[in-house]
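Got chain R sorted already, so can you dock chain E onto it with the hints?
Okay, here's what each chain looks like letter by letter:
2 protein chains.
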Amino acid sequence: MAQVSSFPELAMHGLKDIYSAEQQALAAYPEMIQAATSDDLKLAFSEHMEQTKAQIERLEQIFQNMNETPGGVECLAAKGLIAEAKEHIKEIESGPLLDAALIGAAQKVEHYEIASYGTARTFAEQMGDDIAAQLLEATLEEEELTDERLSDLAIMNINPDAADEI
Amino acid sequence: MAQVSSFPELAMHGLKDIYSAEQQALAAYPEMIQAATSDDLKLAFSEHMEQTKAQIERLEQIFQNMNETPGGVECLAAKGLIAEAKEHIKEIESGPLLDAALIGAAQKVEHYEIASYGTARTFAEQMGDDIAAQLLEATLEEEELTDERLSDLAIMNINPDAADEI
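Protein chains in written order, with our numbering: chain R, 1 to 166; chain E, 1 to 166.
Bound conformation, chain R alone (with noise of 0.2 Å):
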């Protein structure tokens, strides 16, 4: 990171943090698409890969409003977490413990992603940027929702075939 001096420097540095891990995550998704057998996850993580292309959108009206251009920063974070879900795809075979696996690594990315528009709305609002504030809520709201769902779908589906499975 380069040297940050002051609040709306950082909170610059945050959006183009999150851009990153964003575009790293979509990069991602057709693999996880791929790799999962259950076609209720394979639908969440397909709708949430359009939702996600929606999200970068919003970032760069954001930037484009700040007469920001993204990039210059590269997310170490997402990077290791996405790495994790790759792994996973490596290490366990096609099936239920592999879904499972898949929902956990996916809903670090979704709370990595939480954590990150949290701060970044919060900065918006204290800088008055209100048309900022409110796109980065949005993405928030869906990245919760989506963590929802795939705890839901964990639970009620995946879970238990996985712990079925010989």
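Hints are computed from structural coordinates only; laboratory data are not their basis. Where is the CB? At the ideal position from N, CA and C, for every residue including glycine. Be careful, since some hints might not be right.
As the list claims (entries may be wrong) - According to the in silico footprint, chain E covers these stretches of chain R (three or more CB under 8 Å from chain E):
1. 3 to 13
2. 74 to 88
3. 96 to 103
4. 154 to 164
Showing chain E alone in chain R's frame:
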């Protein structure tokens, strides 16, 4: 990660991962407490450091009940998240701006833990291990409260001071 071929193995891997994350967080707290300027933030970090010790003991109790030992897994995500906090300490001068950055970094760690404990608790419930599920749920609730406390502190005190800083 070693080959994982059963649900209990996947659950055990998750517990070892979160044990590593907690140990890393515990080791990082003294530096974060020292770097913080706000007395309220120093207190929040200090109290959560003490809480973390009790959370580690809960995990050790779970390992003992399962005749397992922790260790052997290094949580790379926690390593990256904590490195981010330390980077802030290097790149930002002490004061409200650094405090705001540290809260954001700490909330990312909290959310990593929320996702991890959420999955671990759900796995324990699936395996019918009520004692482990209750211990993990107790920690999960503490992590969620810590996250909320940090949000409140940011919104009410730290961010306004950081935004006013010249």
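Evaluation of the provided hints:
1. 3 to 13: holds (count 6)
2. 74 to 88: Held - the region 74 to 88 of chain R has 9 residues with a Cβ nearer than 8 Å to chain E, which meets the minimum of three.
3. 96 to 103: Coverage by chain E holds for the region 96 to 103 of chain R (4 residues, Cβ < 8 Å).
4. 154 to 164: holds (count 6)
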